[in-house]
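A.B. asks: Both chains are sitting in their own frames, so use the hints and assemble them into the complex.
Protein chains in written order, with the working numbering: chain A, 1056 to 1350; chain B, 64 to 374.
There's no promise every hint is true.
What the hints assert, rightly or not - Distance windows between CB atoms, simulated:
(1) E262(B) with I1160(A): 26 to 36 Å
(2) F1078(A) with Q266(B): 52 to 62 Å
(3) D1189(A) with D364(B): 36 to 46 Å
(4) S107(B) with Y1175(A): 23 to 33 Å
(5) V132(B) with E1295(A): 29 to 39 Å
Since the hints were derived computationally from the structure, they do not count as laboratory data.
Note that the structure is a prediction, hence the values are computed from the model and not measured.
We put the beta carbon where it would ideally sit given N, CA and C, even for glycine.
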Amino acid sequence: MTEVKEKGRSTIKKRSQFKSVFFRFKKNKMAMFGLVVLIILTLVAVFADFIADYENDAISQNMKIRLQTPSREHIFGTDQYGRDMFARIVFGTRISLFVGVVSIIASLIVGAVIGAVAGYYGGAIDNVIMRIMDVLLAIPQTLLAISIVAALGTGIFNLLLAMSISSVPRFARIVRSSILSIADQEFVEAAKACGTKDARIITKHIIPNAIGPIIVQATLNMASTIIGIAGLSFIGLGIEPPIPEWGSILSEGKTQMRYYPHLVVIPGIAIVFAVMALNLIGDGLRDSLDPRLKN
Amino acid sequence: MIKYILKRILLMIPVILGISFIVFLIMSFTPGDPARLILGEKASISDVENLREKMGLNDNFFVRYLRYVKDAVFYRDFGTSYATKIPVNADLMDRFPETLKLAFGSTLIMVLIGVPVGIISAVKQYSLIDKVTLGISLILTSMPVFWLGLMLILLFSLKLGWLPATGADTWVNFILPCFSLAASMMASLIRMTRSSMLEVIRQDYIRTARAKGAKEVTVIYKHALRNALLPIITIIGLNFGGLLGGTMIVESVFALPGVGTLTINSIRMKDTPMVMASVLFVAILAGIVNLIVDILYAYVDPRIKSQYAKN
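Only chain B is shown next, with the shape it has when bound in the complex (with noise of 0.2 Å):
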């Protein structure tokens, strides 16, 4: 199990290069002179070039890149933000807790409301309720988050006045966000867990389980959930791993200082080490929770965990 971490920690190693390489790569792209965004509009022309020598933009592509990489690997040092002149960890740090907050707000929602939902629509295939819960969630998956978020905006922030539209001082202004954000995944959650749960329960145990006479409850939660458990962790993991680095938009709307609105000035602003720094520990950390999904899939299911091990 441990050697399967291992290998799965020095898998991550060339993806994180690769991910370097080509922001670096798209970065080197866009317009415009950092030295000049350092200086100013007034700075004269042989200052910049001053700067411009000095932090070594004038290398080609390559060198600055491997200059990169190197300081990133051996000294830890991921460069300091051209905007606000700081190293770019002390912002990242700063802003982290907020996304990480809507992250694990949505998924609490998206697994609170979507698995009992998913349960109940399967248990009562082809019912009322199960035609109702499909239904809304198709509308939920074809709401772009963005509009969501106005929506509810709209009517709990500015008719109803319940809660605030933005800012990140309280809990309560998580809400809002944090809805919105769970609302496509909870629909795809609930399909997820209906499916999965309507194939398991057809299976013979489950029938063997009934005559047996146990409770339907204990059939339900015990016999059927645990064995349609496996995907239904899947889309939790991944929905999560998705959802530290696609919060942008989310918290654009609602006015959040996260990483994803870093991420947006960072881009705009060409402040490339910034960019760089929170792309990277986007992609790290969306990588450390695929991994820690597919773990879990060792204690949900003991084949998988034997599989590991001859691995």
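Bound-form chain A, shown alone (with noise of 0.2 Å):
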């Protein structure tokens, strides 16, 4: 009933691939209720300010009110120090994604640069380059990200850095074998026969014929990379308390949890909602932009 509906539409005006994939997305409902999520998640991190008190219920102890249960004060009760858990969970939020956004956005520039010159070159630079990147891909990502942390030390940016290194040849691996595919294909010949440009072949119908699965991938790795950014501060290794994050805030409330559950349940189910959201999100999006691949 779709394809029928399409084609009509089709007559009257074509679609831009844009608006058709965002079309099909529309109607996938698990797609938009993650979509909804990570909107909501990243109004709650822009806006953290104006929701709770960072120094006040965040940072500052107050044993006072230490280790309270979920109550209308302190909806999700409070920690062994006495700080708000509603507040570290809101300030948690602006960290995770923070750190996810801009280290997926880093790798995939620097993936994309060496994965578009591995496939755009080939032989031997394209040998050298992804036999490097096979080297790094086959260090376990946990691994590396943590050796990296230990030898620059723990912090917000050497965070960044181990987890934007780490995903680095994923995205390389991903950019190359599409171009690879894309720039093999029937239209590239057609338009290099008809003496386009390469520059105009590149940005016309290599990027955005390679563009998609690149995004999808990014998706579903943001959701790894937050879980990552959580592991490595629940042992440790990221940021360090008392700077309000999901995993250092499991990981403090680690010990009380016989007794105070809450301390360990809510920062979690944060975790996984951001996580369920990004990779609705990217399943939603590799079934709209190529429908055939659906089931």
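C.D. replies: Structural data, given as structure tokens:
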């Protein structure tokens, strides 16, 4: 039925690629749910200062009200230093999303340049670059990130660097393979035969066709990056207390877990929501970019 | 076939060398002085300097790296741990069984639950079971292992008191860590099995099998599953290889004395020989597992076997 509808519309005006992708994406309820969750989390991250008080509620200790279970005053309860869990989770959103987005963008840019160079020049350069990427891929991602953090020291910037470096090879690989598969196709050959300049072929033919799988990969990678950040902070190699980060909140709450389970349950749910939203969006984008791939 | 295997093993050598170089490079940036670490805070500066000279720490990076490779390749000497002062191989072999148990246990759980559930989900596509399965696997993929581990400890150790939260004495200790590790991989295996089966179920030869009156069970398990097996094996193999190097965080949640906790502790203590040995060990193992997966392909799919033979 939808096919008929789409055909009917296309006779009136041809929908652009972006619009038709978004059209299919909108019909995917789960993906839209993910998008709504992500938008809410982004708003929370951006407007965290209006939602909660960083200095008074999330950072400064108030031993009089320590370890309270969720109540009307502290809807997520308080931790062992009397800090409001809701405020800490809200500011944790900011850190997780910030590190996630920045490290994905950084690794995407570096990975895209490396992958594009390898794919475009081919031959010996391609071989050398991809072997180096293979080597990096052969080291487990968490292990690579942990060693980089250990070498550079903890802190947000080093965490960013570690997460970015450890996901560069994945992007380089996917950019290279999509460039190679598109550069071989007939429409590129046709464009070349028409005497189109290389720059125009790259911007008008190769990039629009290659961008889809790369965006999908970036979304899914951001989900695993958020888990990675929390994991590093959890074992004490990421963001250090008292800065509220989901993983470090979990790690601090772990000691009180037996009697105050809210200290570990709530930050975990926050992580699950963020990761699930990104996974849903990634899956939804993949399906709407290439409907044939569905199922 | 043997030629193919030999070629693959030869190709692993540059990768292993590359990994050793990168890890050596990263470790050389780590602040802290190994000689100071070995002698302790109270040692005099001249003692530390003598030991540095003796250990060759004053040589430049490339000299040190080449010496490491030479010792490792020709004398199979991977160095002595700065922290425990015994050869790293001994420590590693001591810890490895725990990680192996963990990897095997989680793979077993993942396969025993993931594959049948994926098949049922595919056979009953769009049914309630299918939807519930997909929903649960979505949640499982989105859970960080360490959080799932904590939740399992909370429920089964602290509230119900059924299972131990830490230690590695009996197989009972491995139940919770194995389940936490298996969960997200199980979810991806379910999805993979489902989509692979769905693709096969629509083929003509399945219709033929049904038309000739084969039992539904035979159709699904003999005709469909065998043809859907390739991507399933890939996922299982990749996950097993990944598990050998991906147990660090779970090991630290459950205080398991495996290779993962050894690696984290060594990284923290700047115990370069130990870090090098454990990373290389894990990478070599993962490489071997990948090779085994590729060889398994040949047995599952005769077409691939002939391709290997050609090259």
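A.B. asks: Each of the hints needs a verdict: does it hold here or not?
C.D. replies: Going through the hints against the structure:
1. E262(B) with I1160(A): 26 to 36 Å: holds, 35 Å
2. F1078(A) with Q266(B): 52 to 62 Å: violated, 31 Å
3. D1189(A) with D364(B): 36 to 46 Å: violated, 24 Å
4. S107(B) with Y1175(A): 23 to 33 Å: For S107(B) and Y1175(A) the Cβ distance comes to about 58 Å; the hint is violated.
5. V132(B) with E1295(A): 29 to 39 Å: Given a distance of about 36 Å, which is inside 29 to 39 Å, the answer is holds.
Violation of the numbered hints given earlier is confined to hints 2, 3 and 4; the remaining hints are satisfied by the structure.
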